[in-house]
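Trainee: Turn these sequences into a full structure, and let the hints guide you.
Going line by line, the protein sequences match chains A, B and C.
Mapping to my numbering: the first sequence position 160 is 160, numbers consecutive.
One rule links them: number in my numbering = place in the second sequence (from 1) + 339.
One rule links them: number in my numbering = place in the third sequence (from 1) + 677.
If you are wondering where the hints come from, they were derived from the structure by calculation, not from laboratory data.
Predicted model, so just to flag it, every value in this text is computed and none were measured.
Incorrect hints may have been included.
Unchecked claim - Straight-line distance between alpha carbons at most 35 Å, and here's what the computed DSBU-like set of lysine-lysine pairs gives:
| id | chain 1 | residue 1 | chain 2 | residue 2 |
| --- | --- | --- | --- | --- |
| 1 | B | Lys-607 | A | Lys-329 |
| 2 | A | Lys-277 | B | Lys-544 |
| 3 | B | Lys-544 | B | Lys-468 |
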Amino acid sequence: MNHISSQEKGFRVVTDEEMREVLRVEGLTKHFAIDKRLFGQPRKWVQAVDNVTFGVRGRGTLAIVGESGSGKTTVGRTIARLLKPSSGRILFDGNDIAQIDERSLRGVRKEIQMVFQNPNASLNPRMTVRQLLCEPLIVHQWPKEEHRPRIEELLETVGLPHSYVDRYPHEFSGGQRQRIAIARALAIRPKVIIFDEPVSALDVSVQAQIIQLLDRIQADTGLASIFISHDLSVVRAISDDVVVLYLGKVMEAGPSRELFGSPRHPYTQALISAVPKMHKRKSQDARIVLKGDLPSPANPPSGCRFRTRCWKAQDICATKAPELEGDAKRHFVACHFPN
Amino acid sequence: MVPTLSIKDLTVSFGKPGRELLAVNGVTYDVQPGETLGVVGESGSGKSVTLLAALGLLPSPPARISRGSVEFQGRDLARMDAKKVRQIRGKDVGFIFQEPLTSLNPVMTIGDQIAEAIVVHDQNIGWQKARARAVELMSLVGMPDPERLAKQYPHEFSGGMRQRIVIAIAIANNPKLLIADEPTTALDVTVQAQILDVIREAQEKTGAATILVSHDLGVIAQMASKIVVMYAGRVMEAGDAEDVLENPLHPYTAALIECAPTMESELKDIHPIPGQSPSLMEMPSGCPFHPRCRYRQDVCASRVPAYRAIGSDRHVACHFVEETAEGGRLVVPAAIDA
Amino acid sequence: MSGSYLVQRLTGALITLLGVSIFVFLMVKALPGDPARVIAGVDATVEEVARIREELKLDQGLFQQFTTFLGDALTGNLGTSAKSGNPVAAEIAARLPATVQLAVLAIGVATFIGVLFGLFAALRPNSLVDYSLSAFTIGASSMPAFWLGLLLIIVFAVQFQVLPASGKDTWTSWILPTATLAAFSVALIARVTRAAMLEILRQDYIRTARAKGASERRVFIRHGLRNALLPVITVIGLQLGQLIGGAVLTEVVFSWPGIGRLLVEAIFARDFPVIQGVILVYAMMIVLLNLLVDLSYTLLDPRISY
Ligand SMILES: Nc1ncnc2c1ncn2[C@@H]1O[C@H](COP(=O)(O)OP(=O)(O)OP(=O)(O)O)[C@@H](O)[C@H]1O
Ligand SMILES: Nc1ncnc2c1ncn2[C@@H]1O[C@H](COP(=O)(O)OP(=O)(O)O)[C@@H](O)[C@H]1O
Ligand code: SF4
Ligand code: SF4
Ligand SMILES: [Mg+2]
Ligand SMILES: [Mg+2]
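Mentor: Written out as structure tokens, the structure reads:
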């Protein structure tokens, strides 16, 4: 993807630190075998993630959006190396961690953490808050005398009273559990945290608390994050950059303001237009309602993957997959007929 | 005009008498023919229990209507015998549920599931005719090639398609009332837009009054003409949807609007409500919102505010909302910064 | 269902049967006692025993013995009974119908009563029916088949003398063996039906059915039962081994002329060819029934397609 770096030159002035990418993903691809047979090659593959490229800027939040099944979680799990990519590069701290072995992964795990959508499933119900927060410290061999102050600090950071330290997860509400999960991910001071739908299961009032919390933590710690979500209004509020996925492929990517301000890909336009607006009067502009459902990722359409639901599709879209091409504002779009 | 559904002072409890938990406490609202009423509230606020109890769909025990009435076209369902309520359910009242993936019987073809809704209310029609009508209903809710799809099973369909099937079942008998309980919560936005359109069309074709439950203010703003805001089993505010969203009188409504991110708001415009919704076990005294309310006063913790009319078209349950010439406003000594 | 799935399942079944035949073959080899001597009789000469040993090819290598055994078995030749001198296949063929008839009847009765019981218990959880069901379940499943059989004989045949204690001559002689064999399965099926039904009744689609205005009976039968049958069939499939064990004991207790009793008689007589033959037939029955259970899923549950 050489054209990306060549395009980057004319970009607006930002601080060096912001500009520097802490994490870069190039041509990331993950295929899952389905319909496995006892012997021989599997008959079918799901192309969950196909040739995805993006960079996460220092102190920044990169959001990955897309419909269910578009491959958001798979991208996240692959970057955290909970899954091994089929191909592509994951550049972190100058190293490609895409294919390194379990032993070298220990160092990576310290720097890249993941928070999952369902805090009930990710917190061991038989461990107290103290034990939950201690575990990563023990695993990564923090000196024992630092455990207690670190736990106090973490609880303070995520806004939980210290008196909760000996309680079990079931004694907490969904929002509080998510705070515990966040504290746990923060414990060993990683450089990057991947949040997989961290607020989707929460009530709006609590969702807002967590969003504000994440923003504050990022400002305080300089953490870079990948924020996976299907909720565009949340993404719009908290992200610096956005990647729009559809059937495992990047449709559009760019700085949040750019992408929401002037979306160029028909799919992004449809997604934004589908969000119900609070004020009827302001939203009278034509609403785009996509027809049909997401096609099966095991059998994606030829050419442009979005073409079966695209109202702009022409003959060429069925035969030739559009390249992801960027402009001077780092705004990338994969469409033969972008806006 | 007789309201299609009129819920008055409905109180629903779970558990044994004496140690019961009130999931719904004195809820009052109604919906007129042809009108769309939006019910919003956070999870656990009693939106579903109110409607399920009203139509006799809650398992009893443990659920019990301990007070109030539910009038459907003037007849009190809460006091009607179960068999009569059953004749109204599915015929005059259609239901759409939140979980499209699990709301359909996995071992019955979708055509039969739609046809069943017709057959159970019309013994004379016969399955043949009912199946033909099911195919018509399927094309009505926008399913391509309904003849063929009618013979398939639910697992062969996506969430959006299954929700269309559920809608077809709900409107099979041209109901007078359509109840949609978070019909799009489990769906992607693009599919949500499709389903909301289908519901809107179904409502236009049948002329049914509609109650649309959602926790998404945007969905309500798009669909409803009236709104009911629930919190902790009570109605906090009700009125014309546009008015309430533009000019909320109740502190909870205002807070709810301020904490929801929209496609216009910036991060700094999102103001969380501190704390969390109370559980049934530890319901606060007085105004249930007082532990989280910016405007609370001493009286709020001790006295439950009455649910009363403010102006011609608004109802509010807050001690400090006053009627004024322009409608109403909140009058409190000072906001507490939480 | 695709043809390839059937082929795959059948291959699996054949591999299982091959395994069983190896096991049966080796088991008999490992048993104490010399088959040749048993056949020849106690006062046979050393020459006679050697001749029989040669006839039975007992002097050949183990692998060769096995291939001969397998080849014979495949052509329906299971050897000759050491006790009666008749072909084993013929002895089994004579006894098999009685076993199959009893088993089919018992399973049929057990399924019918069990499902009915389970349904009632699920309809009214924590009611009298429900409690009596649990009591009966615990009683029936903690009582071995021979013990229950003996009890029934004592009560109905000895004490009241209303039913015959053995044989299969009149229709009345079917009652006690069927009851004994069915009892265990009734309890199990009822319990599973109850649990499955209570689980199913919590499902969202049951609420949908009620929201349609369907009557409680329709909700129960059309939407509940059909879905609840899946786990019931699974459990029956899993319990086949125990069921067959129960069948053997039942046949012994009631002198039922089936292959179960044949097996026990053969064991006492150290009649190895018959033992081998009967175990092979049992194995075949289990494999076949498992296959049927698997295939019945595809009929009952459209989500399962192979
Ligand atoms: N272990 C797996 N084996 C086979 N297919 C898989 C596996 N994990 C994911 N997939 C498939 O890969 C695709 C992308 O899945 P993924 O979970 O990344 O989507 P997502 O965008 O996170 O969706 P959601 O919004 O529902 O969480 C889907 O089609 C999914 O079915
Ligand atoms: N079967 C039940 N038994 C006990 N409590 C219940 C039951 N069903 C619902 N509740 C409780 O009733 C309250 C209101 O629930 P519900 O109406 O489903 O909320 P929502 O507004 O999210 O639809 C919740 O606190 C819920 O836990
Ligand atoms: S390439 Fe064609 S089908 Fe794909 S988004 Fe662009 S116009 Fe639509
Ligand atoms: S009654 Fe008091 S606590 Fe309740 S909403 Fe009004 S001001 Fe707030
Ligand atoms: Mg996901
Ligand atoms: Mg609900």
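Trainee: What are the numbers of the hints that this structure violates, sorted from low to high?
Mentor: none
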